[in-house]
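Undergrad: These are the residues of each chain, in order.
Protein chains: 6
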Amino acid sequence: MFYYDNKLQYTVRVDTPDPRFARLLQQAIGGVEGEMRVCLQYLFQAFGARGPAKYRNMLMSTGTEEIGHIEMLATAVALNLEGAPSRLKDQMAADNPVVEALMGGMDPRQYLSAGMAALASDANGVPFNGSHVYASGNLAADMYANVTAEATGRALACRLFEATDDPGMKDMLRFLIARDTMHQQQWLAVIEELGGHKGTLPIPNSFPVEEELRKVSYDYFFTGVDGVDLPTGRWTQGESLDGLGEFRLNAVQPMGEEPKLAPPMPQAYAEKQQMEGAADHK
Amino acid sequence: MFYYDNKLQYTVRVDTPDPRFARLLQQAIGGVEGEMRVCLQYLFQAFGARGPAKYRNMLMSTGTEEIGHIEMLATAVALNLEGAPSRLKDQMAADNPVVEALMGGMDPRQYLSAGMAALASDANGVPFNGSHVYASGNLAADMYANVTAEATGRALACRLFEATDDPGMKDMLRFLIARDTMHQQQWLAVIEELGGHKGTLPIPNSFPVEEELRKVSYDYFFTGVDGVDLPTGRWTQGESLDGLGEFRLNAVQPMGEEPKLAPPMPQAYAEKQQMEGAADHK
Amino acid sequence: MFYYDNKLQYTVRVDTPDPRFARLLQQAIGGVEGEMRVCLQYLFQAFGARGPAKYRNMLMSTGTEEIGHIEMLATAVALNLEGAPSRLKDQMAADNPVVEALMGGMDPRQYLSAGMAALASDANGVPFNGSHVYASGNLAADMYANVTAEATGRALACRLFEATDDPGMKDMLRFLIARDTMHQQQWLAVIEELGGHKGTLPIPNSFPVEEELRKVSYDYFFTGVDGVDLPTGRWTQGESLDGLGEFRLNAVQPMGEEPKLAPPMPQAYAEKQQMEGAADHK
Amino acid sequence: MFYYDNKLQYTVRVDTPDPRFARLLQQAIGGVEGEMRVCLQYLFQAFGARGPAKYRNMLMSTGTEEIGHIEMLATAVALNLEGAPSRLKDQMAADNPVVEALMGGMDPRQYLSAGMAALASDANGVPFNGSHVYASGNLAADMYANVTAEATGRALACRLFEATDDPGMKDMLRFLIARDTMHQQQWLAVIEELGGHKGTLPIPNSFPVEEELRKVSYDYFFTGVDGVDLPTGRWTQGESLDGLGEFRLNAVQPMGEEPKLAPPMPQAYAEKQQMEGAADHK
Amino acid sequence: MFYYDNKLQYTVRVDTPDPRFARLLQQAIGGVEGEMRVCLQYLFQAFGARGPAKYRNMLMSTGTEEIGHIEMLATAVALNLEGAPSRLKDQMAADNPVVEALMGGMDPRQYLSAGMAALASDANGVPFNGSHVYASGNLAADMYANVTAEATGRALACRLFEATDDPGMKDMLRFLIARDTMHQQQWLAVIEELGGHKGTLPIPNSFPVEEELRKVSYDYFFTGVDGVDLPTGRWTQGESLDGLGEFRLNAVQPMGEEPKLAPPMPQAYAEKQQMEGAADHK
Amino acid sequence: MFYYDNKLQYTVRVDTPDPRFARLLQQAIGGVEGEMRVCLQYLFQAFGARGPAKYRNMLMSTGTEEIGHIEMLATAVALNLEGAPSRLKDQMAADNPVVEALMGGMDPRQYLSAGMAALASDANGVPFNGSHVYASGNLAADMYANVTAEATGRALACRLFEATDDPGMKDMLRFLIARDTMHQQQWLAVIEELGGHKGTLPIPNSFPVEEELRKVSYDYFFTGVDGVDLPTGRWTQGESLDGLGEFRLNAVQPMGEEPKLAPPMPQAYAEKQQMEGAADHK
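Residue numbers (our numbering), protein chains in the order written: chain A, 341 to 622; chain D, 341 to 622; chain W, 341 to 622; chain G, 341 to 622; chain X, 341 to 622; chain Y, 341 to 622.
Think of the hints as simulated: they come from the structure by calculation, not from any bench. One or more hints might be untrue.
Which copy? The list can't say, so a pair holds if one copy fits it or any two copies do.
[Unchecked claim] Simulated crosslink set (DSS-like; lysine-lysine; CA at most 30 Å straight-line):
| id | residue 1 | residue 2 |
| --- | --- | --- |
| 1 | Lys-347 | Lys-538 |
| 2 | Lys-555 | Lys-394 |
| 3 | Lys-394 | Lys-612 |
| 4 | Lys-510 | Lys-600 |
| 5 | Lys-347 | Lys-510 |
| 6 | Lys-394 | Lys-538 |
| 7 | Lys-600 | Lys-612 |
| 8 | Lys-394 | Lys-347 |
Required output: the full structure, derived from the provided sequences and hints.
TA: Printed below as a string of structure tokens:
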């Protein structure tokens with residue numbers, strides 16, 4: 341279960357409120373690279389964790405930290421919306437400052453739906469979608485999902501850093517960027533602890549590899565037509581990363597036949613011509 | 341641009357049609373771990389690729405291969421739906437075999453909406469959602485997104501393998517599992533080519549690390565209350581994976597203050613008591 | 341504005357309640373082929389209609405009829421859910437008839453969320469999505485959208501007819517299928533009134549065709565590789581349907597060059613190797 | 341910011357795992373009446389709270405409690421999925437117990453996507469959608485949103501109670517139902533504290549009522565045609581609840597005119613007949 | 341069933357078209373606080389109404405009125421889009437007035453997808469989502485859902501009133517705000533008719549309260565850590581609103597144990613280390 | 341299976357990058373009228389095609405062409421985003437050009453999430469949704485769905501043509517508009533090949549028309565109240581388009597009764613008053 345503190349994990353200060361930046365911050369709250377996603381992803385991975393208890397515990401700890409990041413960003417949104425109409429009025433010689441603020445790049449729903457506060461949505465107002473909460477039941481797959489979340493999350497935070505000149509906002513982002521630096525490596529450290537590539541690949545490593553069609557397990561199939569350069573690299577030669585094979589480069593060839601489906605069954609109510617014509621036409 | 345062949349990349353054969361398995365296969369078509377996602381993800385990464393041309397080319401080649409995997413799975417769905425009513429009729433002593441088939445675990449929309457064919461949806465009928473197409477503009481972040489897709493994809497394929505006894509379906513899955521083995525390692529090979537952890541971390545590596553708040557960049561913050569075990573591991577000690585710091589374990593402490601928002605502005609139409617009471621109440 | 345009657349447009353009778361059929365009926369309520377979609381589509385087309393007033397009026401009339409079809413189907417769902425537990429209990433020798441009913445193919449949310457009534461969702465429980473409300477501002481495009489809705493809607497109703505043996509339900513579906521017969525032809529009658537193919541094509545017919553690249557306006561581009569049959573038909577020869585050209589068959593050829601994107605701009609925070617390597621690598 | 345404990349808020353025990361009940365529990369996790377929604381709704385209301393600080397604090401406290409309810413339910417799902425194949429095997433004389441379990445009413449994605457654990461989705465597998473997180477900036481509106489969430493939430497929990505015979509699950513639900521009893525009344529107590537109906541209505545009470553069209557502010561407009569009973573009740577007579585008017589019953593009459601839109605502008609690319617015909621046709 | 345009139349329920353007049361206001365109006369059409377939602381919510385509650393017939397009738401009447409509100413708002417959108425390019429051209433010294441209009445804050449899809457008319461979406465272009473149609477089968481829960489819809493709806497309308505200076509639009513909003521005043525109180529009047537708090541709480545009142553864990557039914561659990569103020573108020577003392585208990589304030593304590601999940605079953609394809617390590621690691 | 345070429349199907353050139361136009365182009369990529377939809381729609385129709393093989397082949401060919409249209413548009417987006425900050429800086433005398441570009445009408449996620457590249461979303465950032473992939477199993481229904489897609493798609497392309505002055509972009513759009521001209525007629529040519537209206541209507545033509553309620557199959561039901569003009573036209577008189585009846589105009593009349601639902605069953609947990617009052621109240 342959970343507890344809260346009335347203080348923020350790190351200072352959130354806005355020197356010059358900017359309702360337009362409040363819109364951009366939404367991406368870090370409810371976007372696919374945002375804090376709602378990482379928070380829920382780590383917590384759901386923890387709640388369903390099977391195997392060594394320490395990984396559940398580690399996931400709980402970081403998932404709990406991330407709730408506080410949502411809080412920080414929602415606070416930052418609310419502060420950026422304060423004084424919105426008046427500031428934008430100056431810039432735009434507007435008749436109606438509320439209209440102008442709304443139209444000058446802010447998310448209209450931060451006003452219309454939330455009365456000047458944050459939403460559970462991304463920078464385009466698209467609501468947070470729970471399908472991004474990856475918790476596969478496979479620890480290595482989940483760790484890579486987490487690295488991805490923190491890598492795209494840090495790229496997002498760096499871009500937000502670029503998109504503001506406000507010293508308070510930059511200070512908050514320096515903290516969040518640093519936490520993403522840590523969290524990327526935290527998940528990769530688990531991979532290292534599990535034995536690195538040879539200890540984890542192919543994921544899941546509990547499926548017996550002899551069951552798969554081994555003759556295509558290390559082939560880079562090239563699907564380009566004549567005239568396209570061959571994309572060679574580490575993936576076309578040398579030992580495979582799982583240590584169980586050798587990478588190769590092969591032009592793709594159909595190994596299957598032309599698909600043949602049965603005529604429509606009567607209950608499917610295709611057009612009559614589809615049923616009659618199945619034999620005659622070609 | 342693109343071309344097609346009238347043959348499948350690998351044989352798709354169904355020995356005993358099973359409309360219930362047709363539902364499960366939908367997860368590998370339109371699910372978050374499915375082929376529509378990887379196909380579109382690699383193609384969008386290719387279409388927006390900036391930097392060394394060979395990575396664009398490699399992504400195009402594999403993205404194009406994946407279109408053919410959607411084709412294979414959609415064919416497998418259609419074949420599993422053939423003979424659906426009659427087979428299930430036998431098992432269930434049903435009055436109305438269509439009803440029984442529909443109710444016996446198949447996706448009703450494969451009949452109602454598609455006339456016994458595949459949908460662009462997952463195993464619960466949730467439509468494919470384009471927000472899962474990750475193409476961040478950062479090559480390392482994208483490679484980890486791709487590893488994640490192939491790791492969860494291979495776990496899915498292994499679970500589907502478990503969920504069928506049909507020799508034809510098992511044969512098709514052996515092929516797809518093997519391709520996922522290759523593709524996981526293909527994306528990790530790019531990370532290796534870029535210099536591994538020290539060459540790529542923290543992602544993005546083009547943001548100057550001195551801009552981030554370095555004092556929290558390698559701290560594992562523990563958010564558990566008294567009585568919870570400390571989750572120690574590789575992530576709490578030793579050199580950080582980027583080679584730029586040292587992991588540490590610290591109990592989390594608030595570094596910020598209690599957030600203070602301004603009273604509601606009049607245009608936000610809060611309740612009067614919120615505006616009046618801002619000063620008096622506590 | 342609108343008025344209601346306390347009677348249904350057509351009798352809704354359920355002789356033997358079947359909670360499983362209640363699930364299938366959801367597709368005709370909130371599915372992409374369902375009545376919520378056609379109702380809202382016709383009303384939004386009416387609300388935004390510009391041009392001859394009679395089409396607005398016609399759309400209002402049929403859109404209003406369709407609200408009553410949602411009412412009929414929602415009533416049918418509620419009636420099919422009556423007596424659900426007891427009936428299924430008999431069939432299944434169940435310990436807990438509610439559980440068994442829920443698990444025996446019904447939509448669990450019809451019980452859990454609605455207390456035995458209809459939802460604004462499809463047969464898989466996916467909520468109705470307003471993006472299916474097509475109202476393009478172009479009358480011909482909208483008429484074809486409406487034909488599509490009624491064609492897929494009638495296919496759905498026929499399949500539902502197949503999926504029930506209940507005389508009351510079959511009677512209701514006979515009515516709905518007949519209305520779809522009418523509505524398909526109603527929209528096509530507008531196309532006829534506008535002059536048929538030559539009066540409406542290409543849609544929109546108000547864009548000057550000389551602005552388009554006429555040399556590819558009637559070419560069927562074949563994208564198959566060697567060995568694939570040429571798909572010939574009415575679309576590869578004869579006068580085009582708009583009367584302005586001649587259909588032709590051509591193998592596709594790239595008319596463009598290889599795309600070349602600029603290197604990443606610094607603010608995009610790609611990996612350093614993408615920026616450095618843009619020149620050297622290939 | 342937030343902290344966690346390694347213990348659950350209340351005991352979660354499953355005596356006889358039932359993968360089908362695991363599906364139903366998903367509604368209480370990721371459904372519109374579920375714990376993810378209330379948790380995030382209360383926290384977002386707290387994060388954006390303006391006005392008396394005690395309401396922010398109260399919302400933080402209850403929002404934090406709700407995270408623990410997600411944890412309890414996710415744990416309950418995981419436990420219900422243990423032993424799934426073997427138990428269902430017995431019941432069904434199945435060839436392949438995994439297939440049978442998957443088909444026997446469980447959510448296939450709990451296996452395929454999560455390896456036998458909970459998802460951030462509802463009982464039909466529809467992902468949690470952030471648009472249900474209501475935080476309007478108006479305290480009274482939010483309190484009613486919260487009452488709604490707890491009223492539908494308690495109805496859901498009561499229905500789940502009905503749908504299981506497992507003593508452990510019933511025990512957990514007794515706890516959750518009791519908490520919903522408290523939370524419903526907690527939000528209504530705020531309304532009482534704000535002065536009840538006269539203190540809060542109409543919501544928002546900060547908009548000057550003289551600005552609205554007072555002559556229709558207390559009219560129940562009846563839209564039924566001849567022959568429909570008049571729906572009389574407290575809402576058609578007596579003092580209005582805000583104490584500012586008197587309820588009345590009136591048959592609806594159009595107070596507006598027929599809408600007249602301008603012809604399509606050329607850039608909208610309607611059909612030519614829409615532009616030409618705007619004058620002539622009727 | 342339903343009928344229509346060619347007149348609007350109330351006058352819709354736009355004195356100075358403003359394509360940017362047309363975007364904001366979308367929130368009142370397809371947003372979560374909008375008219376599509378209330379219209380469909382009341383109609384679905386009516387269609388599934390069980391119990392006293394007069395409530396069904398009342399819901400039908402108001403649901404039908406709301407269809408006309410969608411019509412009014414869609415008309416307002418269409419009128420605000422007339423003359424869009426030319427007006428904005430003046431303001432912006434633009435090269436291409438269509439581009440400028442599109443970029444100056446309007447919803448681009450009102451032009452691109454609808455040819456200058458309304459969409460079934462919110463102010464950010466997010467499509468209407470049927471999951472917001474609450475019809476729980478419990479009359480009291482539904483009434484509170486309806487109060488919520490009208491409270492957030494009136495807050496939205498007041499904010500829109502603030503966001504326009506157009507006399508015609510203000511006149512229309514005065515009407516809609518007044519109707520929301522009525523509808524809020526209409527639903528609360530039903531609660532009064534059912535006996536108020538003591539007659540309806542806890543919702544559902546048909547579940548025997550002795551089945552719930554009474555010892556936590558009136559406890560306000562405080563989850564704050566040391567140093568956080570206690571949030572006291574009406575909800576921490578005095579008789580509970582249902583008249584069946586007494587509110588209390590208690591610091592939360594775990595009443596449960598640490599959750600223990602079984603190791604992964606083999607068919608779940610976790611990593612091998614999760615299966616092996618379950619015993620050894622901690 | 342599929343192959344790719346490193347060249348585009350047609351030249352994509354941007355003379356003056358415009359990040360705002362990059363946003364509009366998204367509608368043609370991931371919007372409901374866009375290329376992802378047509379591409380996947382034709383491919384899914386092909387993958388599930390039953391009946392004459394030539395239609396499968398034709399669909400494969402055109403579906404494959406459309407992948408290349410996504411590629412062209414994604415390339416156009418990437419090129420329009422190049423130089424974004426600097427160009428907009430000039431126009432706006434901005435302090436921070438990145439902020440200004442982001443706020444000046446571009447899609448912020450093209451920067452924040454994609455690092456200046458295309459997304460799988462529409463012009464409002466709403467992700468592509470697979471439910472728009474229509475593949476009904478009925479050839480005629482599918483052809484009309486395809487005509488609709490190409491008609492709304494061509495309207496979109498014409499509107500985009502209006503929204504840019506860039507010669508390169510206009511050139512690309514001339515090509516795409518011409519291809520839509522072809523594809524509209526290609527699908528209608530199939531209808532002609534199947535025998536036109538009399539050969540295909542009512543769709544599906546395999547359902548025996550005598551099963552439907554023939555007495556309402558050709559009635560235009562007028563739902564207007566007194567005072568509304570009758571909407572007469574081709575659909576109210578003359579032979580029906582299927583050649584099997586005669587159109588008629590009739591004022592709608594209820595043919596059904598008032599719906600009567602049973603009282604709530606106890607397990608549905610309605611309010612007690614709903615259960616008790618079912619008899620007494622009216």
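Undergrad: Next, verify each hint and record whether it holds.
TA: We went through each hint and held it up to the structure:
{"no.": "1", "hint": "Lys-347 to Lys-538", "result": "neither (44 Å within a copy, 36 Å between copies)"}
{"no.": "2", "hint": "Lys-555 to Lys-394", "result": "between (38 Å within a copy, 25 Å between copies)"}
{"no.": "3", "hint": "Lys-394 to Lys-612", "result": "between (63 Å within a copy, 16 Å between copies)"}
{"no.": "4", "hint": "Lys-510 to Lys-600", "result": "between (60 Å within a copy, 19 Å between copies)"}
{"no.": "5", "hint": "Lys-347 to Lys-510", "result": "within (20 Å within a copy, 37 Å between copies)"}
{"no.": "6", "hint": "Lys-394 to Lys-538", "result": "both (22 Å within a copy, 27 Å between copies)"}
{"no.": "7", "hint": "Lys-600 to Lys-612", "result": "within (19 Å within a copy, 40 Å between copies)"}
{"no.": "8", "hint": "Lys-394 to Lys-347", "result": "both (28 Å within a copy, 15 Å between copies)"}
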